[in-house]
Amino acid sequence: MPVDVRFFAPLGSLSLGELAKQTGSGLFGDEDLKLTGISSAANGRRGDLGFLDGDGKSAIEINPDISALVVNDANVARIPDGIPYIISKFPRHVHGTAAVKLFRPRHLDWHGESAISPDATVDESVKIAPGAAIAPGAVIGAGTFIGANAVIGPGVQIGRNCVIGPAATVFCALIGDHVRLLSGARIGEAGFGVMPGPSGAEDAPHYGRVVLQDHVTIGANSCVDRGAFDDTILGERTRIDNLCQIAHNVVLGRSVLMAAFGGISGSVQIGDGTMLGGRVGIADHVKVGEGVSLAASSGLFRNIEDGETWGGTPAKPLRQWMREIAWLQKNANPKKKG
Amino acid sequence: MPVDVRFFAPLGSLSLGELAKQTGSGLFGDEDLKLTGISSAANGRRGDLGFLDGDGKSAIEINPDISALVVNDANVARIPDGIPYIISKFPRHVHGTAAVKLFRPRHLDWHGESAISPDATVDESVKIAPGAAIAPGAVIGAGTFIGANAVIGPGVQIGRNCVIGPAATVFCALIGDHVRLLSGARIGEAGFGVMPGPSGAEDAPHYGRVVLQDHVTIGANSCVDRGAFDDTILGERTRIDNLCQIAHNVVLGRSVLMAAFGGISGSVQIGDGTMLGGRVGIADHVKVGEGVSLAASSGLFRNIEDGETWGGTPAKPLRQWMREIAWLQKNANPKKKG
Amino acid sequence: MPVDVRFFAPLGSLSLGELAKQTGSGLFGDEDLKLTGISSAANGRRGDLGFLDGDGKSAIEINPDISALVVNDANVARIPDGIPYIISKFPRHVHGTAAVKLFRPRHLDWHGESAISPDATVDESVKIAPGAAIAPGAVIGAGTFIGANAVIGPGVQIGRNCVIGPAATVFCALIGDHVRLLSGARIGEAGFGVMPGPSGAEDAPHYGRVVLQDHVTIGANSCVDRGAFDDTILGERTRIDNLCQIAHNVVLGRSVLMAAFGGISGSVQIGDGTMLGGRVGIADHVKVGEGVSLAASSGLFRNIEDGETWGGTPAKPLRQWMREIAWLQKNANPKKKG
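Protein chains in written order, with my numbering: chain U, 1 to 338; chain F, 1001 to 1338; chain C, 2001 to 2338.
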């Protein structure tokens, strides 16, 4: 998926040779190759640089159109023939170095005193409460309400009849119609990803987006992070309660319900109509089917098929969890006399 | 409890017949009956429309003064004689349709550039930091401080000597004296309630209020939702830590203490002097007595009597919980040799 | 540690006799002794008043340079010879009474319409987005970016090349270089501490600071409370995810990683390189070593040595926790037939 230039300004191109030189890395292939984009390995296109790190054993996908890769030793053997590559101990650091040279987040250049940018496109029917700030390139559709002290970042697209609550902030996001963000919701912040670098741990860069489809509601002070390179997506009529966390690259289906303190780690996928009780946590990359129910306080570390009801930490089928609770209670406590 | 017109502007009246027609529902009773208000079934008065949904088996209360009801098939038999009613598959949807025709949240009409409304009543001793927004109809008492970029919504009443922290937002709320809201606290947002409708899940409307009595403190980024139709109430000297969630219609007594990540579901009642450790969750409609202690990380699904100490998930008396933990540890692990 | 006058304005001095008289407490020692500061008992210096409460049995430390103490009956015998003292049923209340007479938080006096104070020192290279408020005495270094509607409180020091996210608030804090605060982060609010007083529970005063060292990242809507009297400190390259809570007086080492919903209670210490999975909670005063791993959803109530891996609630070594889970599952459920 190409970097969305509404959110990240392209700075030009970079040759593979320059990148190798600047990061002190080994280069295998055409040093004059022009890099113009960055991406995940799976979704790279012509001009894009992707990366492979880890132990070389987990499943990977590489788009054959990608122009170049940065890899560590463990992944060299997995590079398809004909793709130029750089070898580094810190593939994500090299990839991030390229990213910074190729793109600049527009929100880091939004400054000055003009709270509502003349370069935003705001329908004349939009009502804007005091103190709201709307950045250049933002587009806001008819009938939408923007609450007091809300912040709409550069390039953000908001549809019709939405309510953006007071003090909410929205960056790097495409928002449909009839979407409601309650007070203090945080849409499109960078995800939490720490990568090793030559000077120690670094924050992994995030160049993806958030997509909120029609009729989505996000509760007060909840957070939906933008994708690392791809998108974080919430399907139509999905409803998120207050104080929830939805990490980068998560894909939620339609009409998913999530009660307060729900925490969904990176790249989790959840099917349509699934319901999560309060304080449910899901580990990264887990897949949850459609119509699943997760009891309050569940901690889920495994995939779940459609229609299941689970609970507990680590989560298991609800009946089994309840059986274990009852058995422990019966055996651990002194018997009551009849 | 009547809808508070300081927060929701009355739009006029609606006949029961019109409502039935617009929502394609069956009408039993006087089609010319004028509806002027909405309420829960339990607290409706003359002119109010209430609703009954669910399976028709749970306990309900109906105020005999209520003017009309919307019910589903399962609840028809429970309507007291003489009360006109509408039958629908989606009682809350019909009720919500009436609500939208009868009232409009004033906060959705607050717009323009005047950060401190000339129609607010602010004592001359009030100090207001830069960027704060105060809406029409708000009343702020002597000696109160309003932090930078805080937002005080239409009609909000704040007493004397309060501190409203920076970036906090307050809507649909009555606030006593000496109340402290720390940075980013969210008071009076709509609760999380999803109801079925003819086009799929819809957000249930919330027309209630938040009442914070004297000397209440709400921590940073904590949320206290307004009631659905009645009030969410926090008693005197109740203290809430950071990042807590208090849902609609919750009633907390006096001097309740709640540590970080406490999550109280809708309609929970908690007695005076009860203490909740960090990350305690309580399921909806649970009643907790006075002077109760709940250990950190408890997940409570049952009522508790006065003075008890409980822990675990699902929560149980602390001694029992600790006995089960010790018994499991002893039996599951290989014995250490003396 | 003396109260930092950049954050709390000194109001003059107070004699020990006046304080005893105003709070109706017994005085033992020089009534003319001039108090000019407040502190913990452990870190008091000349002119400072400290306090001792509790049952008189827990470990305490008293700096011999401290000028006076307030104590309850249970702690009288622990006062070193020659230190004047006040006896009260409510030592923290008396101490707080002195604090209010000696210092005034500057953020409670920051008001007016000037969003960027002429008394702030802002490097000319700093970019400031619309709606940001910067208080008198704040200092902001070269290359730093201040997001829309962010709030920088009186006296706050921010280094170079930092990114202060939109709607973030920062008070009573010293911030290094390359620090990133994501949207809605709350730095330097008062911690959660409730103390008994003659009229009931009162909020304990907090006169400490937050120190964020270089390359620290704080996630969206996360909270780092200032110390009660000493500092809350996060070491270099420590990274905190969204919606985390770090209480007063916590000390985190370097390169600590904390996933979403992490909750660290007051005075916890954590060593370098320790990793906390999502939703980990740690009870107050617990010490965690270097290089420790805590599994997601752990609830920790005990100290942990360097290099350990723990999980569960209450947390125990990971292998033991997993053994108990497996044993319970095997014994509580009906055997599957081969």
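Heads up, some of the hints might be wrong.
If you only want the chain C side, here are some residues facing chain U, beta carbon under 10 Å, derived [as the list claims (entries may be wrong)]: (1) Arg2180; (2) Gly2219; (3) Asn2221; (4) Thr2238; (5) Arg2239; (6) Val2251; (7) Arg2254; (8) Arg2279; (9) Pro2334; (10) Lys2335.
Not close to chain U: a few residues of chain C, all C-beta gaps over 10 Å, as computed [unchecked claim]: (11) Pro2010; (12) Pro2130; (13) Gly2159; (14) Arg2160; (15) Val2163; (16) Met2195; (17) Gly2197; (18) Ala2201; (19) Ala2204; (20) Glu2236; (21) Ser2297; (22) Phe2301; (23) Asn2331.
Read the hints as simulated data drawn from the structure, not as lab findings. These numbers come from a predicted model, not from an experiment. Backbone N, C-alpha and C define an ideal beta-carbon position, used for all residues, glycine too.
Which hint numbers does the structure go against, in order from smallest to largest?
Violated hints (numbers, rising): 6, 10, 12, 15, 20, 21 and 23; every other hint is consistent with the structure.
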